[in-house]
Amino acid sequence: MNAPHMSSPAPVTGSALLTNAVGLHARPSVKLTQLAKSFSSAVSVSTDAAGPWIDAKSPVKIMRVKAPKGTTLYFEASGDDAHEAVAALVALVERRFDEVEGDDHG
Amino acid sequence: MAELRLAGRPASPGFAEGAVVRLVEQKSTRVSSGDPQREADDLKQAIKNALSSISDLADRAEGEAAEMLGFQVAMLEDDALAEAAFESIAQGVAADHAWREALDAEIETYRAADDEYFRARSADLEDIRDTVLDHLSGSHVAFSVPPGAIIAARDLAPSRFLSVDWSKGGAILLSEGSPTSHVAMLARARRVPMIVGLGEIPECASSIIIVDGALGQAVVSPRDDTRAEFLSRQTADEEMAIKAAAHEHQPAATKDGMAISVMINIAGVEDLARLDPKICDGIGLVRTEFLFGEGPHLPNEETQYRAYRRMLEWAEMRPVTIRTLDAGGDKPIAGLTIDGESNPFLGVRGVRLSLQRLDVFRIQIRALLRAAPHGYLKVMVPMITVPSELDAVRALFGEEYEALKANGLNVKMPLLGMMVEVPAAALAISEFNADFFSIGSNDLTQYTTAAGRDIGAVASLADVRHSAVLKLIEIVAKHGQTSGLDVSLCGDAGGDADVIPLLLKVGIRSVSAAPSLVGRAKLAISNFSFDKAGGA
Numbered sequence: 001m002n003a004p005h006m007s008s009p010a011p012v013t014g015s016a017l018l019t020n021a022v023g024l025h026a027r028p029s030v031k032l033t034q035l036a037k038s039f040s041s042a043v044s045v046s047t048d049a050a051g052p053w054i055d056a057k058s059p060v061k062i063m064r065v066k067a068p069k070g071t072t073l074y075f076e077a078s079g080d081d082a083h084e085a086v087a088a089l090v091a092l093v094e095r096r097f098d099e100v101e102g103d104d105h106g
Numbered sequence: 001m002a003e004l005r006l007a008g009r010p011a012s013p014g015f016a017e018g019a020v021v022r023l024v025e026q027k028s029t030r031v032s033s034g035d036p037q038r039e040a041d042d043l044k045q046a047i048k049n050a051l052s053s054i055s056d057l058a059d060r061a062e063g064e065a066a067e068m069l070g071f072q073v074a075m076l077e078d079d080a081l082a083e084a085a086f087e088s089i090a091q092g093v094a095a096d097h098a099w100r101e102a103l104d105a106e107i108e109t110y111r112a113a114d115d116e117y118f119r120a121r122s123a124d125l126e127d128i129r130d131t132v133l134d135h136l137s138g139s140h141v142a143f144s145v146p147p148g149a150i151i152a153a154r155d156l157a158p159s160r161f162l163s164v165d166w167s168k169g170g171a172i173l174l175s176e177g178s179p180t181s182h183v184a185m186l187a188r189a190r191r192v193p194m195i196v197g198l199g200e201i202p203e204c205a206s207s208i209i210i211v212d213g214a215l216g217q218a219v220v221s222p223r224d225d226t227r228a229e230f231l232s233r234q235t236a237d238e239e240m241a242i243k244a245a246a247h248e249h250q251p252a253a254t255k256d257g258m259a260i261s262v263m264i265n266i267a268g269v270e271d272l273a274r275l276d277p278k279i280c281d282g283i284g285l286v287r288t289e290f291l292f293g294e295g296p297h298l299p300n301e302e303t304q305y306r307a308y309r310r311m312l313e314w315a316e317m318r319p320v321t322i323r324t325l326d327a328g329g330d331k332p333i334a335g336l337t338i339d340g341e342s343n344p345f346l347g348v349r350g351v352r353l354s355l356q357r358l359d360v361f362r363i364q365i366r367a368l369l370r371a372a373p374h375g376y377l378k379v380m381v382p383m384i385t386v387p388s389e390l391d392a393v394r395a396l397f398g399e400e401y402e403a404l405k406a407n408g409l410n411v412k413m414p415l416l417g418m419m420v421e422v423p424a425a426a427l428a429i430s431e432f433n434a435d436f437f438s439i440g441s442n443d444l445t446q447y448t449t450a451a452g453r454d455i456g457a458v459a460s461l462a463d464v465r466h467s468a469v470l471k472l473i474e475i476v477a478k479h480g481q482t483s484g485l486d487v488s489l490c491g492d493a494g495g496d497a498d499v500i501p502l503l504l505k506v507g508i509r510s511v512s513a514a515p516s517l518v519g520r521a522k523l524a525i526s527n528f529s530f531d532k533a534g535g536a
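Chains as they are written, first to last, in our numbering: chain C, 1 to 106; chain L, 1 to 536.
Derived by calculation from the structure, the hints in this document are not laboratory data.
Hints may be right or wrong, so weigh each one.
[As the list claims (entries may be wrong)] Derived pair list, reagent style EDC-like, types lysine to aspartate or glutamate, alpha-carbon separation capped at 20 angstroms:
{"#": "1", "chain 1": "C", "residue 1": "K37", "chain 2": "C", "residue 2": "D81"}
{"#": "2", "chain 1": "L", "residue 1": "K505", "chain 2": "L", "residue 2": "D256"}
{"#": "3", "chain 1": "C", "residue 1": "K69", "chain 2": "L", "residue 2": "E301"}
{"#": "4", "chain 1": "L", "residue 1": "K405", "chain 2": "L", "residue 2": "D276"}
{"#": "5", "chain 1": "C", "residue 1": "K37", "chain 2": "L", "residue 2": "E77"}
{"#": "6", "chain 1": "C", "residue 1": "K37", "chain 2": "L", "residue 2": "D79"}
{"#": "7", "chain 1": "L", "residue 1": "K44", "chain 2": "L", "residue 2": "D79"}
{"#": "8", "chain 1": "C", "residue 1": "K69", "chain 2": "C", "residue 2": "E99"}
{"#": "9", "chain 1": "C", "residue 1": "K31", "chain 2": "L", "residue 2": "E67"}
{"#": "10", "chain 1": "L", "residue 1": "K412", "chain 2": "L", "residue 2": "D391"}
{"#": "11", "chain 1": "C", "residue 1": "K37", "chain 2": "L", "residue 2": "D78"}
{"#": "12", "chain 1": "C", "residue 1": "K61", "chain 2": "L", "residue 2": "E302"}
{"#": "13", "chain 1": "L", "residue 1": "K331", "chain 2": "L", "residue 2": "E316"}
{"#": "14", "chain 1": "L", "residue 1": "K405", "chain 2": "L", "residue 2": "E341"}
{"#": "15", "chain 1": "C", "residue 1": "K69", "chain 2": "C", "residue 2": "D48"}
{"#": "16", "chain 1": "C", "residue 1": "K61", "chain 2": "L", "residue 2": "E341"}
{"#": "17", "chain 1": "C", "residue 1": "K37", "chain 2": "C", "residue 2": "D55"}
{"#": "18", "chain 1": "C", "residue 1": "K61", "chain 2": "L", "residue 2": "E77"}
{"#": "19", "chain 1": "C", "residue 1": "K61", "chain 2": "L", "residue 2": "D104"}
{"#": "20", "chain 1": "C", "residue 1": "K31", "chain 2": "L", "residue 2": "E64"}
{"#": "21", "chain 1": "L", "residue 1": "K331", "chain 2": "L", "residue 2": "D492"}
{"#": "22", "chain 1": "C", "residue 1": "K69", "chain 2": "L", "residue 2": "E313"}
{"#": "23", "chain 1": "C", "residue 1": "K69", "chain 2": "L", "residue 2": "E302"}
{"#": "24", "chain 1": "C", "residue 1": "K31", "chain 2": "L", "residue 2": "E77"}
{"#": "25", "chain 1": "C", "residue 1": "K31", "chain 2": "L", "residue 2": "D79"}
{"#": "26", "chain 1": "C", "residue 1": "K69", "chain 2": "L", "residue 2": "D59"}
{"#": "27", "chain 1": "L", "residue 1": "K44", "chain 2": "L", "residue 2": "E87"}
{"#": "28", "chain 1": "C", "residue 1": "K61", "chain 2": "L", "residue 2": "E83"}
{"#": "29", "chain 1": "L", "residue 1": "K48", "chain 2": "L", "residue 2": "E64"}
{"#": "30", "chain 1": "L", "residue 1": "K405", "chain 2": "L", "residue 2": "E431"}
{"#": "31", "chain 1": "C", "residue 1": "K61", "chain 2": "L", "residue 2": "E108"}
{"#": "32", "chain 1": "L", "residue 1": "K243", "chain 2": "L", "residue 2": "D276"}
{"#": "33", "chain 1": "C", "residue 1": "K69", "chain 2": "L", "residue 2": "D492"}
{"#": "34", "chain 1": "C", "residue 1": "K31", "chain 2": "L", "residue 2": "D78"}
{"#": "35", "chain 1": "C", "residue 1": "K61", "chain 2": "L", "residue 2": "D78"}
{"#": "36", "chain 1": "L", "residue 1": "K478", "chain 2": "L", "residue 2": "D435"}
[What the hints assert, rightly or not] Which bits of chain C does chain L cover? Going by a derived footprint, with three or more residues having C-beta under 8 angstroms, they are:
{"#": "37", "segment": "39-53"}
{"#": "38", "segment": "64-77"}
None of these values were measured; they are calculated from a predicted model.
Using N, Cα and C, we set each Cβ at its ideal position, and we do this for glycine too.
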């Protein structure tokens, strides 16, 4: 039996400003991708509301962006837990990735 | 072998003495199977093996080391890293070549980054590349360095650092590298002295080398007197470290109550990463050359503006004294300084070069003018010899200020001062139209004594305690007192506990030293009394 197929809903979006001292650096990138991977939805990230979008579950691709402090990160997710995924990622950025400021960067 | 002094950028403080072990990068000797399928399988297996070896290291590591290795694991687990390599293999390229090319391309994007934090990550990518290559070639030889050795290399992979036994001492000397690299963080955590940016490290296989990490100095085949001085510094260092730590957060004052300003010397934003601005009265010297020396190209206005602004924000309205580009002399910059001068220290360096290369200088001036509204900025110009040089710089600041303002940018005119490091300038100090003076005691000493500090055989002549040098310092300090203009001193002498009393006696009331020396400078000041000195 076929499940009723609905046209896929518009992706959930959100954004947050990078305010931690070192930007989207090694440790924040790993935290961000680990969090993204905990959701089943496809999650993308960009430094521009218009894209290009990159896979938020790929640390290699995220590190390629080399986003410094002061960059706005845009998120876009599609899937069952898309709302939760975007909310969690925005919160992580707003919490400055739980980094201790003044800490050695890495 | 004659004594040879090397100077670089401090990455981790501490002293070491020992034999040099030179690490040479090895070429892979793997023979390709010629079969794309087998090559792909080999690479997959090598990545898998590398992952398990790094994970093993990560499990045994703690703190920063564990996090750094965690980053390597996350990168290696991501298929995106090897994507380009597998595409090349499908085209018939051998596995090791494909992997090396793919990673080198990735590493290049890190090296070309404007931000030093990202540039420093290239060492982690190199580490990943080499670990996989080692597994591919099947000759995963154990990397062995005798305990206590002083490692000399171009750069050092974090995983290699972790495989060395540092319990017997040792040190790291890198011809390239960065103080923000993971290996530098690891070195600081383990208290392994480390110097980066030493340039070409000469062959000195069987020689003894002494290392002072805090000063960024190493001496190959030291003479007896150099070594004795080093050892006494090391002993004093250990005794003083304990006392100095207690003084770091206190304002500096002499025993009889004269307040003295103690500022810090830095080479970049990253030097501030673990520093509390409350330990100092501001930044007395920012060496901007390092901003110019590390990237693949000269830094643009935006990069400089961001760096200067971050320093000003860090200082929380304490003065930040940024020196305009002081290239030349012992600080060549490719594409900027003049090669082959017969005597670079007496040639086109400092402001002399900036006034010849206005294209580069104007960019720096604009970045400074734009950063100025974000704190208390003072700009000082190096190697000023005659008043017209400073006047020319002031005119350039005026022109750029008007142009930026006309374009609606938020700019502010900073205080414009001069370095006093040429004896002619010190003797004629009242002729200069400067807002403040900063004595560069290293160059003032070598120009006064006609003895290069980098030449071991004459280094002992280049002594700031020479009465002629102290007289020049006194002339500038007196001019400051009569004119009401600030005078500070920012050479190595400013952090030298033995020299500080002499500086106070000739009228210096503000010194600037390496951040690691702030505590001991304050301690030396607190032990000094003008009554007992019988002067000033």
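* Earlier hints that do not hold, by number -> When the structure is compared with the hints, numbers 4, 12, 13, 14, 16, 26, 29, 30, 33, 37 turn out to be violated.
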